[in-house]
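Participant: Please take these sequences and the hints and turn them into a complete structure.
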Amino acid sequence: METLLTVDDLKISYKSGNYYIKALDGVSFEIKEGESLAIVGESGSGKSTLGMAIARLLPPNAIIEKGRIVMKDIDILNSKPDSIRGKLISMIPQEVGTALSPFHKISTVFEDVMASENKATNILNEASKILAFLGFKDPERILKSYPHELSGGMLQRVLLALAIIKRPYLIIADEPTSMVDAPLRINIVEILNAVRKEFNISMIIITHDIAITPHLCDNIVVMYAGKIMEYGKAKEIIDNPLNPYTKLLINSIPRIKTATRFEVIERKNTQIQFYKGCPFADRCESFMKGICDITIPRYTSLGNRKVLCHLYNDKK
Amino acid sequence: MPVSLRYVIKRIFYLFLVVLGVITIVFIATRIIPAHPEFLWAGPHATEEQLQEARNELRLNDPIWVQYVYFIENMLTFNFGISWSSRHPISQDILSALPATLELAISGFIIGILIGLFLGIRAAVKYGSIIDKFVRSLSISGSAIPVFWLALIFQLILAIKLGILPVGYRIDPNAEILEGFQPITGFYTIDTLIEGKFDLFLDVLKRLLMPALVVSVYPLCLTARMTRSLALETLQEDYVRNMRSWGVKDNVIIRKYVIKAVIPPLIASLGLSFGYALVGSFLVEVIFAWNGLGMYVVHALANYDFPAVIISVMTVAIIYSSINTVVDILHAYLDPRIRL
Amino acid sequence: MIISSRFIREYYEYLKKDKLGLTGAIIVMIFIFLAVFAPYIVPYPADAWGYAYNIEQRLQPPSLAHPFGTDVYGRDVFSRVILGSRFSLIIALGVVSIALLIGVVLELFAGYLGGRIGTFFMRITDMFLAFPPILLALLFAVVIGRGLLNLIISLSLAWWPWYARLTYVQVTTVKNMPYIDAAKIAGINTPTIIFKYILPNSLTPVTVQAFLDMGAAILEAAALSFIGIGVQPPNPEWGLMISEGWYLIGVAWWISIFPGIMLFLVVMAFNFLGDSFREFNNPKVRRLLESRGI
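Chains as they are written, first to last, in the working numbering: chain A, 1 to 316; chain B, 1001 to 1340; chain C, 2001 to 2294.
A couple of the hints might just be wrong.
[Stated by the list, open to error] Only pairs whose alpha carbons sit at most 20 Å apart, straight line, appear in this in silico SDA-like list of lysine to any residue: (1) A:Lys80 x B:Asn1251; (2) C:Lys2017 x B:Ile1130; (3) C:Lys2019 x B:Ile1131; (4) B:Lys1260 x A:Tyr146; (5) A:Lys105 x B:Val1240; (6) B:Lys1161 x C:Trp2246; (7) B:Lys1010 x C:Ala2130; (8) B:Lys1126 x A:Pro59; (9) C:Lys2019 x B:Phe1134; (10) A:Lys144 x B:Asp1335; (11) B:Lys1126 x A:Gly97; (12) B:Lys1256 x A:Leu124; (13) B:Lys1260 x A:Ala115; (14) A:Lys105 x B:Leu1334; (15) B:Lys1260 x A:Gly97; (16) B:Lys1256 x A:Ser107; (17) B:Lys1010 x C:Leu2129.
[Claimed, not checked] Covered stretches of chain B, going by a simulated chain C footprint (3 or more residues, C-beta under 8 Å): (18) 1018-1032; (19) 1135-1144; (20) 1151-1157; (21) 1281-1290; (22) 1300-1313.
[Unchecked claim] Chain C stretches covered by chain B per the calculated footprint, using a threshold of three residues with CB under 8 Å from any CB of chain B: (23) 2073-2079; (24) 2126-2132; (25) 2221-2228; (26) 2247-2253; (27) 2268-2276.
Derived from the structure by calculation, the hints contain no laboratory data.
Every value quoted in this text rests on a predicted model; they were computed, and no experiment measured them.
Backbone N, C-alpha and C fix where the C-beta goes; we use that ideal spot for every residue, glycine too.
Facilitator: Next up, the structure:
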């Protein structure tokens, strides 16, 4: 399979007042065509920044210090945003209720999204087709509606349709399951998988919910404090997490039988630039004094896994 | 998309209640608070006979609720009595002065909201830039300007020192004699056009320009300030970011989506804007010799002709409430979320 | 405490960065200083109070002796403008505090009684809000008469509904806060809840709003004085001074222009302060400001 997207040593900070806050600290990974990737991490881990950087949606105070994002030989960070957004890379937002302008019909949004495309295609026909594929029995009625007339689950499918209508290579879904009720989650997962198959679209799923990732994604990137802690196949990581942080994440998936530890220790330093050694040192179970708090760990490759942890640095 | 008839009827019924409320406040203020209302109504130099007449007219010997009912009846049938300073029925005076005030207020209002909308959007889009700082300072300092003082400055500079615009009056004072101009609707811009007198129409526009600019200041500042903060809030909305992520161009988002989101709350503020314009023209009319309601009130005040003042104030309050009702219905029409 | 020292310190830190707000604060302080000490620092106190008539000095243009010129009676406009700040401050403080008192007390009363009587109070407030405030004040001024005290009373009578409504909105918001529920569950009695929890938390916004409204009160009072129903001659109220000179605008512009500048500056200063305060209190805007590094 050909490589679709390469992110190479990406460093991003936010300017706030007179100081800078590091959000991404040297992130690298690849996505192959048709593959899908989950970015897992808690809030503040930099996962949303990563998604926004790829979709060229960073806020004005974000500064790209270093690194490249390349998709199909196009340098994403140095192209005009208009040539990328929607066409190459699109996005499914997290919040469903505020995702669409309350003053416009769904059809208007479709028309404006398609405005830059070939005028010959009948936009609303196209939209109806996609909506029908996503399981709407009466797409015309949906197009005529205002957002507040639709339910959350319906809106989510409309947003998906808007993201894929220009047939991008990649869509980024920000917490696709966080805003819906449990029974609908499975529904969303099924629809996303169907879309992936039908349109051959790669996906990046940004989520804090590691439990859903095996159903949706091939690979997982676990992020913490702007760094990738572990990278590998979804199933392998879930079955056998190597990094202590990944272990903590997986242990906090609610399960019925095994009594898990819900130990959440507050990070002492909320600002990332203050750590000296491993960013996870102050919460780590396998903390080793004299190593983890002093030196920054290196990436270790174990098969097709990549782990950032002193435990494995030493083994090598 | 039609607003439900029920909503319109509800609003109109509510307006009726507000009008009753306005009349009630006027009744309380002028008939219950003063110990001897007849002095207020009959004027400062009234003879005992005139006072007696006023007492009869106000039915001061009847119980208070009877007075109240008669008062409401008189007000609702436009039976306001006679202004003893102009010797005309007050209703007639107000009717002839009202078009002048409305013409001025509406012109100032329209100029103000158009410029304000434009400036507000510019400022929000270029947040933090020089344009934004300028608009922010202008909109805050503008609402601190005493309009009657601004009117004087305009008059001093534009009319007296530079001589670009006429000092005052709604129309060339000789127009009636030389050109046979006769007011029809009382709105001189319309009247001159109806009569086909284009040079007079230009004269009227020229005379309208300076007072209208002065009156436009408050609506302009209010609109610019509101538009700026509304547009800023809208630009932070999820849907703006989403639309960007789907590849909608920024100018389409601003032209179509941001403006549409800004307009309904702005419409809700139109009532207030118009109120500002009305009060503004009230205060500057006397400076521009603009014989509208404001000038009528100032002259009535100088002559202690209180009934004329009170009724004029009440009229403006009722106009203001009606405008607010229209604005509410318009707002419901434009914002699909409040369709009840 | 309603306005804590921490709050003031934080706002002070914010003001240092917000130039417009800082300018406003400085002008407001100068204004208060002038209002307090005006009679002792003006060059011609008798002119300032309006009792001196120097007909041979009348309508002098601005000069070293009379920086703002003299008016029709030969009085020093500069002294009068400075003393005018005292009138404006008295009006502003009077109007705002009386209106605040009426609004908050009525609203608490209404809120305490609740039910139909509470609704009835709100309807009365609505009736008052149907008037543009300045016209309602005009109506009251016509009935109760002219002069400084009557002007303050009329303006307060027109002004209180705004505070009543603001208090109402605040009380309803605070009443539904989780900590009030928590206090109820903990068994704290109702008067304690009202006076210790709801009142302080609802009063802060309305008190701050009232302080910032002082500019608007000064402006409206000047407008009423301008049309002849507020402060009466020979007092040096700014609106009145503008009206004393407007028909001479082509001959002696300084009589009207200088009081207007002063009026404008002071009201603007209050507005700047108010605006900076609102932006300070609006977390959304604040976050935006911080993210842009202002």
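Participant: The structure should be examined with respect to each hint, and the outcome stated for every one.
Facilitator: Outcome of the hint check:
no. : hint                  : in the structure
1   : A:Lys80 x B:Asn1251   : holds, 15 Å
2   : C:Lys2017 x B:Ile1130 : holds, 17 Å
3   : C:Lys2019 x B:Ile1131 : holds, 16 Å
4   : B:Lys1260 x A:Tyr146  : holds, 14 Å
5   : A:Lys105 x B:Val1240  : holds, 15 Å
6   : B:Lys1161 x C:Trp2246 : holds, 15 Å
7   : B:Lys1010 x C:Ala2130 : holds, 17 Å
8   : B:Lys1126 x A:Pro59   : holds, 14 Å
9   : C:Lys2019 x B:Phe1134 : holds, 13 Å
10  : A:Lys144 x B:Asp1335  : holds, 16 Å
11  : B:Lys1126 x A:Gly97   : violated, 28 Å
12  : B:Lys1256 x A:Leu124  : holds, 19 Å
13  : B:Lys1260 x A:Ala115  : holds, 18 Å
14  : A:Lys105 x B:Leu1334  : holds, 13 Å
15  : B:Lys1260 x A:Gly97   : holds, 18 Å
16  : B:Lys1256 x A:Ser107  : holds, 14 Å
17  : B:Lys1010 x C:Leu2129 : holds, 19 Å
18  : 1018-1032             : holds (count 8)
19  : 1135-1144             : holds (count 6)
20  : 1151-1157             : holds (count 4)
21  : 1281-1290             : holds (count 4)
22  : 1300-1313             : holds (count 6)
23  : 2073-2079             : violated (count 0)
24  : 2126-2132             : holds (count 6)
25  : 2221-2228             : holds (count 5)
26  : 2247-2253             : holds (count 3)
27  : 2268-2276             : holds (count 5)
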